[in-house]
Amino acid sequence: MELAEQVNSQAEFPGEIHQTAGGGIIISSFDGLINWARANSLWPLTFATSCCGIEMMSTASSKYDFSRFGFEVARATPRQADVIIIAGTIVNKMGPVLKRLYDQMADPKYVIAMGACAISGGPFFYNTYSVVKGADHIIPVDVYIPGCPPRPEALLHALISLQEKIKSGLTREQIKEESKG
Amino acid sequence: MTNEEIKEHISSVLPTATFDETGEWLNVLIEPGSWMQLAKSLRFSTFNFDYLFCLTCIDWKTHLTMVYHLSSSVHRHTIVIKANLDRNDPVIETVCDIWRTAEFHERETFELFGVKFHNHPDLRSLILTDDFDGYPLRKDFEDPINMIKL
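If you read the sequences in order, they're chains D and H.
Using this note's numbering, the letters of the first sequence correspond one by one to residues 1 to 181.
Using this note's numbering, the letters of the second sequence correspond one by one to residues 182 to 331.
In isolation and in its complexed conformation, chain H is listed as follows:
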């Protein structure tokens, strides 16, 4: 399906969503509070976004941006959903009951960026040790013992 159809659908669900088509894929910027509603409609509508192939976060120093890459194995279309979070209290709803793979990726984003996922069933560190202090992929992360600054 075309980007225009997808945009039309998203606008009908979320009138506040803004679009950016300068990249390879259609980018949609949304408010974090409306993510659950949009996620459900993307997954279970005729657009059938059944594959979450990338879930990550970006630290812009002023705020954090959650990035979700969605694709449909039926229609072969891809979109990118972005949501800006408050850096001091980054919270967003989990989507692991919609896309099971998110459970794993949200744990990773939690340990590396400190984003808290509401209603996540098992939000604890994935790779780092349990006593690890801080969020190492944040730009202001300091570790004077292990890290040599350039």
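Isolated chain D, as found in the complex:
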């Protein structure tokens, strides 16, 4: 298959390719291209605080395999990660750690809140002195996944939703930069 056909056959490619003699011309916008590239190579941070982490590991393993969508390079350091999947309960003592990890990630960065605990505290919402009632009290969240814990399919759906969000336009950081100017 010709390169042009290959690229055009991928519906998500943000632009057109025109075949010319001896090559071709790509018509696109830089923002579109960059977001397209970003969305297809998101490196998650190896971060899990409870049982949702087991589902996340399962999603990474061969049966579900999120590397099919560009998430295979799980990083053990926030400095190399693009997306943090908050997989589990965030307790008050973990709050500052989560904030620090998020701050250490390079822009642009994305956050997925996986499971009931990360969304709202979940089963620990009432009568608990130690649990943060939703990770979005600490860092901004892009995609929420309900479930306790969510199935791997749900995590895959969330990852694809995040990709769509990135491809569809400006990221949170980009909006922040634009509003400064």
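Among these hints, one or two may not hold up.
In silico BS3-like pairs for lysine-lysine, Cα to Cα no more than 30 Å straight-line [claimed, not checked]: (1) D:93 to H:330; (2) D:133 to H:320; (3) H:320 to D:93; (4) D:133 to H:221; (5) H:297 to D:93; (6) D:93 to H:242; (7) H:242 to D:133; (8) H:330 to D:99.
Keep in mind the hints are simulated off the structure, nothing from the lab.
Following the hints, position chain H against chain D.
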């Protein structure tokens, strides 16, 4: 060894101890003041209770109950020792020089229930932050900032 033998031994050491055999294990209710004496005799007698596998506390609102689960890795028998403490001034002797594991568990019971363990070498918070106020596993614990009441 049978529960009858254990009961006989405990009665000879502590005549005031009362027994309850309705549960899975033999329960012994004792006065907190006599705990050290009983603990030593259980550990170093022929019954050889060498394994303290659970140390915890219960808040009954009227009083606190210390609960010790003891077992012997030689004879394979298990008993439960309970002692009621005054809720306003809960004090009991430490057993961490008899069962080393108690050092750790007594710190946890101290931070969550406020039970003070006499002669404990290092009685400070285990998991909670040093500035944490109150005993969170007591039934009347209030924390209007972090806690949402049902």
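Hints, one by one, checked against the model:
1. D:93 to H:330: 21 Å, holds
2. D:133 to H:320: 21 Å, holds
3. H:320 to D:93: Roughly 22 Å between the alpha carbons, so the hint for residue 320 of chain H and residue 93 of chain D holds.
4. D:133 to H:221: 46 Å, violated
5. H:297 to D:93: Between residue 297 of chain H and residue 93 of chain D the Cα gap is close to 25 Å, so the pair holds against 30 Å.
6. D:93 to H:242: 28 Å, holds
7. H:242 to D:133: Roughly 28 Å between the alpha carbons, so the hint for residue 242 of chain H and residue 133 of chain D holds.
8. H:330 to D:99: 26 Å, holds
Figure legend: structure checked against the earlier numbered hints; the only hint not met is number 4.
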